[in-house]
Amino acid sequence: MKTNVRAFQREFPRMRRLAAAGKVIVVEADGQTFEFRARRQSAGALGCMAGRAKLAGLRDGPAIPLEEWVDLAR
1 MKTNVRAFQR
11 EFPRMRRLAA
21 AGKVIVVEAD
31 GQTFEFRARR
41 QSAGALGCMA
51 GRAKLAGLRD
61 GPAIPLEEWV
71 DLAR
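Reading the sequence shown from the start, the letters are residues 1 to 74 in the numbering used here.
Since the hints were derived computationally from the structure, they do not count as laboratory data.
Since the model is a prediction, treat every value here as computed from it, not as a measurement.
Glycine residues also receive a C-beta, built at the ideal position from the N, C-alpha and C atoms.
Misleading hints may appear alongside valid ones.
[As the list claims (entries may be wrong)] Listed below are the simulated EDC-like cross-link pairs for lysine to aspartate or glutamate, each with C-alpha atoms no more than 16 Å apart in a straight line:
hint, residue 1, residue 2
1, LYS23, GLU35
2, LYS2, GLU28
3, LYS54, GLU28
4, LYS23, GLU11
5, LYS23, GLU68
[What the hints assert, rightly or not] Quick list of the computed label-pair ranges, beta carbon to beta carbon:
hint, residue 1, residue 2, range
6, LEU58, ARG17, 12 to 22 Å
7, ARG10, ARG40, 19 to 29 Å
8, LEU55, ARG17, 52 to 62 Å
9, ALA53, VAL26, 55 to 65 Å
10, ARG16, ALA53, 44 to 54 Å
11, VAL70, ALA38, 36 to 46 Å
12, GLN41, LYS2, 46 to 56 Å
13, GLU67, GLU35, 49 to 59 Å
With these hints in hand, go ahead and build the complete structure from the sequences.
Laid out in structure tokens, this is it:
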């Protein structure tokens, strides 16, 4: 969909909904062309498990104390 800056600003809620639905909004201003589109959320570092880990109650510091690593701690 092509539009100008004034219409884009005036109808921003509508433009945002169109972008969220997968449409690309082309905004033309002062001889330049800009594209407005929704950015897809990535799966993140953990992929499908992102946000499912329960981190409450973990202690600060390493999981295994340095004293137990004997040879590796030196």
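Comparing the hints with the structure gives:
no. : hint                      : result
1   : LYS23 x GLU35             : holds (10 Å)
2   : LYS2 x GLU28              : holds (7 Å)
3   : LYS54 x GLU28             : violated (47 Å)
4   : LYS23 x GLU11             : holds (15 Å)
5   : LYS23 x GLU68             : violated (57 Å)
6   : LEU58 x ARG17: 12 to 22 Å : violated (40 Å)
7   : ARG10 x ARG40: 19 to 29 Å : holds (27 Å)
8   : LEU55 x ARG17: 52 to 62 Å : violated (35 Å)
9   : ALA53 x VAL26: 55 to 65 Å : violated (41 Å)
10  : ARG16 x ALA53: 44 to 54 Å : violated (32 Å)
11  : VAL70 x ALA38: 36 to 46 Å : violated (53 Å)
12  : GLN41 x LYS2: 46 to 56 Å  : violated (27 Å)
13  : GLU67 x GLU35: 49 to 59 Å : holds (57 Å)
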